[in-house]
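Residue 2 is where the sequence shown starts when you use the working numbering, and the numbers rise one by one after that.
Simulated from the structure, these hints should not be mistaken for laboratory data.
Mixed in with the good hints, there may be bad ones.
Stated by the list, open to error - If you anchor each label on the Cβ, the simulated ranges turn out as follows: (1) Gly312 with Ala397: 36 to 46 angstroms; (2) Ala51 with Arg302: 51 to 61 angstroms; (3) Arg58 with Gly312: 29 to 39 angstroms.
No residue lacks a Cβ here, since even glycine has one placed at the ideal position from N, Cα and C.
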Amino acid sequence: MTTRSETQTTLDHLLTEIEHRNPAQPEFHQAAHEVLETLAPVIAARPEYAEPGLVERLVEPERQVIFRVPWQDDQGRVRVNRGFRVEFNSALGPYKGGLRFHPSVNLGVIKFLGFEQIFKNALTGLGIGGGKGGSDFDPHGRSDAEVMRFCQSFMTELYRHIGEHTDVPAGDIGVGGREIGYLFGQYRRITNRWEAGVLTGKGQGWGGSLIRPEATGYGNVLFAAAMLRERGEDLEGQTAVVSGSGNVAIYTIEKLTALGANAVTCSDSSGYVVDEKGIDLDLLKQIKEVERGRVDAYAERRGASARFVPGGRVWEVPADLALPSATQNELDEKDAETLIRNGVKAVSEGANMPTTPEAVHLLQKAGVAFGPGKAANAGGVAVSALEMAQNHARTAWSAERVEEELASIMTSIHTTCHDTAERYGAPGDYVTGANIAGFERVADAMLAQGVI
2 MTTRSETQTT LDHLLTEIEH RNPAQPEFHQ AAHEVLETLA PVIAARPEYA
52 EPGLVERLVE PERQVIFRVP WQDDQGRVRV NRGFRVEFNS ALGPYKGGLR
102 FHPSVNLGVI KFLGFEQIFK NALTGLGIGG GKGGSDFDPH GRSDAEVMRF
152 CQSFMTELYR HIGEHTDVPA GDIGVGGREI GYLFGQYRRI TNRWEAGVLT
202 GKGQGWGGSL IRPEATGYGN VLFAAAMLRE RGEDLEGQTA VVSGSGNVAI
252 YTIEKLTALG ANAVTCSDSS GYVVDEKGID LDLLKQIKEV ERGRVDAYAE
302 RRGASARFVP GGRVWEVPAD LALPSATQNE LDEKDAETLI RNGVKAVSEG
352 ANMPTTPEAV HLLQKAGVAF GPGKAANAGG VAVSALEMAQ NHARTAWSAE
402 RVEEELASIM TSIHTTCHDT AERYGAPGDY VTGANIAGFE RVADAMLAQG
452 VI
């Protein structure tokens, strides 16, 4: 039997090869490192996982698609963006993962997101593979007509690579209900069929699921609550800092408030707002979802309890809980030191990989409960899979049923991560638990299906 140290040496060599074969993709390198550095115990304990080529296949996407997206702005100028879809692993089911429209999007970012999605989707237990896509298009400040033309051009290429039994995209940063609607309309126009299950995050009147907009934020809070319960506490009366002001942040704040916590921050690229009375959700939704404005407008209209800190970081605000819900690597080592100094009890990731490796290490060393995104923010993709199930049956579930299913799934994910970590000698380490549990499910399916 291969020892744990021998296995780790093999994995370290693989990480070096990944960096060599995928140059200038630091986010993907980071995601691969974060997973592979935790797998030595399970590979050493289960010889079948040491089969040559298994892990090598896992870190190589099954398919990577890059395409040109030409479109016209309102002045008639032709613009050109780049589109991506990385179909990473389909051992458990059709590829499933969002589309991100943001200037920061490149192949490395999409590969990191797709790789994370493999394990996140596996943890839900719902039979979906991992993929991700998007474009460097920036919808901010664009008219509805411009966004529509871009989405139609994007789907004109993407449609040939997706389908309800092949690859099912959803929304992500920059892709909400408006964009999903335009994308679905173009897919329907091109294919001449009503295939509701090809995209999730649809409007509730035409195939969408209740609770889908709320699911990522709600699920993250439910995971945080489960970590606190494990320590004999609950959310009632806890102060929470939340980063971001998009879909995930808004519904994270909503669920925190419903469960008795006080969420006092939100943010965007311009800075953050702190509101000692707790974030006013109606006002935040009006500014961000209706007016598509900036968070400084919240402080201006909220009154004396709120202030805007330009260029600041929400982690400066003392709190019991931190829920990073904006983007990757937004919480670094210095931020972690500040949170620890201020007595934070738990950090739960609403975004994908928002905490740097150095910060994760510091938080865990300090005894802070840390919920990694592939577990804590799996609620969104879980309800996306429930939307697919409703589409397949041509039915619609009640909000109560969907929320019950979501709560059950998040509880199961927490239990799986907690118990797996204990089984492999890392009690309380949700990162190790999530990585190994997701890996076991995917690796077992890959072994059963042969070398493909």
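Status of the hints after comparison with the structure:
1. Gly312 with Ala397: 36 to 46 angstroms: 44 angstroms, holds
2. Ala51 with Arg302: 51 to 61 angstroms: At 60 angstroms between Cβs, range holds.
3. Arg58 with Gly312: 29 to 39 angstroms: 44 angstroms, violated
Of the numbered hints listed earlier, the single one contradicted by the structure is hint 3.
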